[in-house]
Amino acid sequence: MFGALELGLIYAVMALGVYLTFKVLNFPDLTVDGSFTTGGATAASLIIAGVNPFLATAAAIGAGLIAGYITGLLHTKGGIDGLLAGILTMIGLWSINLRIMGKANLPLLREETVFTPLRENMMLGTWLSIGILLAFTLVLKFAIDWFLTTDLGLSIQATGNNQQMIRSLGVNTDNTTMLTLALSNGFVALCGALVAQYQGFSDISMGIGLILVGLASVILGQAVFGSRTIIMASLGALLGSVIYRFIIFLALRAGLDTNDMKLTTALLVVVALLLPRWGFLRRIPSLRNRGNRAPARPLEGTVDTPDQMAGAAAGTPTSTGKTEG
Amino acid sequence: MLKIDSISKTFFPGTVNERKALQDVSLELDESDFVTVIGSNGAGKSTLLNTVSGRLPIDSGSIRIDGAEVSRMPEHKRARYLGRVFQDPMAGTAPDLTIEQNLSLALRRGKPRGLGRGTTKARREHFKDELATLELGLENRLKTKVGLLSGGQRQALSLLMAGFTQPRILLLDEHTAALDPQRAALVTTLTEKIVSSGGLTTLMVTHNMEQAIALGNRLIMMHEGRIIYQASAEEKKNLTVETLLGEFSKLKGASLGDRALLN
Ligand SMILES: Nc1ncnc2c1ncn2[C@@H]1O[C@H](COP(=O)(O)OP(=O)(O)OP(=O)(O)O)[C@@H](O)[C@H]1O
Ligand SMILES: [Mg+2]
Numbered sequence: 013m014f015g016a017l018e019l020g021l022i023y024a025v026m027a028l029g030v031y032l033t034f035k036v037l038n039f040p041d042l043t044v045d046g047s048f049t050t051g052g053a054t055a056a057s058l059i060i061a062g063v064n065p066f067l068a069t070a071a072a073i074g075a076g077l078i079a080g081y082i083t084g085l086l087h088t089k090g091g092i093d094g095l096l097a098g099i100l101t102m103i104g105l106w107s108i109n110l111r112i113m114g115k116a117n118l119p120l121l122r123e124e125t126v127f128t129p130l131r132e133n134m135m136l137g138t139w140l141s142i143g144i145l146l147a148f149t150l151v152l153k154f155a156i157d158w159f160l161t162t163d164l165g166l167s168i169q170a171t172g173n174n175q176q177m178i179r180s181l182g183v184n185t186d187n188t189t190m191l192t193l194a195l196s197n198g199f200v201a202l203c204g205a206l207v208a209q210y211q212g213f214s215d216i217s218m219g220i221g222l223i224l225v226g227l228a229s230v231i232l233g234q235a236v237f238g239s240r241t242i243i244m245a246s247l248g249a250l251l252g253s254v255i256y257r258f259i260i261f262l263a264l265r266a267g268l269d270t271n272d273m274k275l276t277t278a279l280l281v282v283v284a285l286l287l288p289r290w291g292f293l294r295r296i297p298s299l300r301n302r303g304n305r306a307p308a309r310p311l312e313g314t315v316d317t318p319d320q321m322a323g324a325a326a327g328t329p330t331s332t333g334k335t336e337g
Numbered sequence: 089m090l091k092i093d094s095i096s097k098t099f100f101p102g103t104v105n106e107r108k109a110l111q112d113v114s115l116e117l118d119e120s121d122f123v124t125v126i127g128s129n130g131a132g133k134s135t136l137l138n139t140v141s142g143r144l145p146i147d148s149g150s151i152r153i154d155g156a157e158v159s160r161m162p163e164h165k166r167a168r169y170l171g172r173v174f175q176d177p178m179a180g181t182a183p184d185l186t187i188e189q190n191l192s193l194a195l196r197r198g199k200p201r202g203l204g205r206g207t208t209k210a211r212r213e214h215f216k217d218e219l220a221t222l223e224l225g226l227e228n229r230l231k232t233k234v235g236l237l238s239g240g241q242r243q244a245l246s247l248l249m250a251g252f253t254q255p256r257i258l259l260l261d262e263h264t265a266a267l268d269p270q271r272a273a274l275v276t277t278l279t280e281k282i283v284s285s286g287g288l289t290t291l292m293v294t295h296n297m298e299q300a301i302a303l304g305n306r307l308i309m310m311h312e313g314r315i316i317y318q319a320s321a322e323e324k325k326n327l328t329v330e331t332l333l334g335e336f337s338k339l340k341g342a343s344l345g346d347r348a349l350l351n
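The listed protein sequences derive, respectively, from chains A and B. Residue 13 is where the first sequence starts when you use my numbering, and the numbers rise one by one after that. Residue 89 is where the second sequence starts when you use my numbering, and the numbers rise one by one after that.
Okay, chain A solo, but in the shape it has when bound (with noise of 0.2 Å):
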């Protein structure tokens, strides 16, 4: 129970990342498997090489930034298409962790890590460690709702939203992307750093399929939360995070074994991609419609008669989705 909650707060960070690309900025960033490693590996190698372990997540922390930079600099400068671009980086990265690790694996027993003090005095697993964790990750948030709505964090915001417009604006959206692809995996990597020191070793294959689990934390809080503000949207994210642990934690308590974890993640994701479809839960589909970055229906009353909107919208490539219905 509480390990679960403590889980699904450490990864929330990875979810925070992931709700900034696929969210805000409206890209499918797959570098996230590969950065989160990275992370994990960066700060296991260092620590075992004696470096303090918060300099050492600090550094993780920038291995991150320079994977994502990566996968910004494919996609815009190289026209590489995103999906492929964060595929291209995380292939490479793999090669990369194992230099970074120097072997597959690498334990963190006796070592001190950033749980070291928590963990001496028998606090992981109580409400403090759960406590601190959801300090922790609260300021992460709250400073990704700072950013958002700042001058450039709303440029941000609008790359995501409407190209176009924005760079008509000035923008140079190359910019605000690559910047929006570090500073996510920065998030992601950040977490792989704290999932290692917090399980006690690094692995070359800890980061395999967890853009699926930052995908389904960001869909589930999204369902619960909704998604109307960035402070909502976020906290949906943070807290997606801790339901799908709950459900993995069901999931393993219900009989099945970690090796059916992906399945389920896998399982869990198209389902709440699809039910929608079945006219329950409208609020997800935006994530499945993901080129659809003309709003969802206006509401009634504030707008033309929808012949007129038809109309005005005629010249949208991007129409709406059927599921908007």
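FYI, nobody ran anything at the bench for these hints, they're computed from the structure. Just so we're clear, the structure is a prediction, and the values are computed from it rather than from any experiment. Hints may be right or wrong, so weigh each one.
DSSO-like, lysine-lysine: derived pairs with alpha carbons at most 30 Å apart [claimed, not checked]:
#: 1; chain 1: B; residue 1: 231; chain 2: B; residue 2: 216
#: 2; chain 1: B; residue 1: 165; chain 2: A; residue 2: 89
#: 3; chain 1: B; residue 1: 199; chain 2: A; residue 2: 89
#: 4; chain 1: B; residue 1: 108; chain 2: A; residue 2: 89
#: 5; chain 1: B; residue 1: 325; chain 2: B; residue 2: 338
Given the structure of chain A, go ahead and fit chain B with the ligands onto it with the hints provided.
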């Protein structure tokens, strides 16, 4: 102010799909000139505006704004000179952001964007004053997401966003075409108001001849990538739809069925 010097633009050159969208076009706008642009479908009107804004690179020629050569400048850098409103009401605003956030984005057009608050109290007051001039009641809906506004409201907002930062040049591409007549009239009125109160140098594409005659101090007609008729400020005062139709009928290959003539 704006000096377009024999620019050309060909799409898909050397292929069967080759389209000469602009052929040796020259045009000069002085401070506070308001030029309306008419012409048949595919005449190159949008292409002309898109090359000025930097959305499309030109093949040859030069474009100067305030004496500065801008034809190699990327779109986002040219934005500091230009306010733009697109034909599609969805194109000029970010639907998931609020009215005040959209205005904040427009307020920083062409300026560096840092970590200052996007919507400060002072900005909000300024936005309220500006929105009040639209007389659409939007000043009371600063926190409404723009995606919830009607096409006409969004277009009015786009116009405000393009004009309230005093761009050197305002580019309007059939910005009333997607609206029903009533809302189109409203946006046209707002256009006049914003252009005249700011003394903005404006290039406006329309396919409505009456509108093209009624607005602005100069008029150009385009056909097949060329400017084929120009009315100076003097000539434009006495210009009628008949004169324009006459000019148009002189062209071989132009059909009276063209959309531009049906209005
Ligand atoms: N991005 C593009 N790629 C290829 N061809 C284009 C592109 N944009 C315009 N064209 C072609 O260039 C020519 C001029 O198009 P343009 O859009 O400038 O016409 P227009 O005068 O704005 O017409 P309309 O009144 O229909 O808007 C047309 O033949 C068009 O097919
Ligand atoms: Mg056009």
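- Hint numbers contradicted by this structure: Of the numbered hints, all hold.
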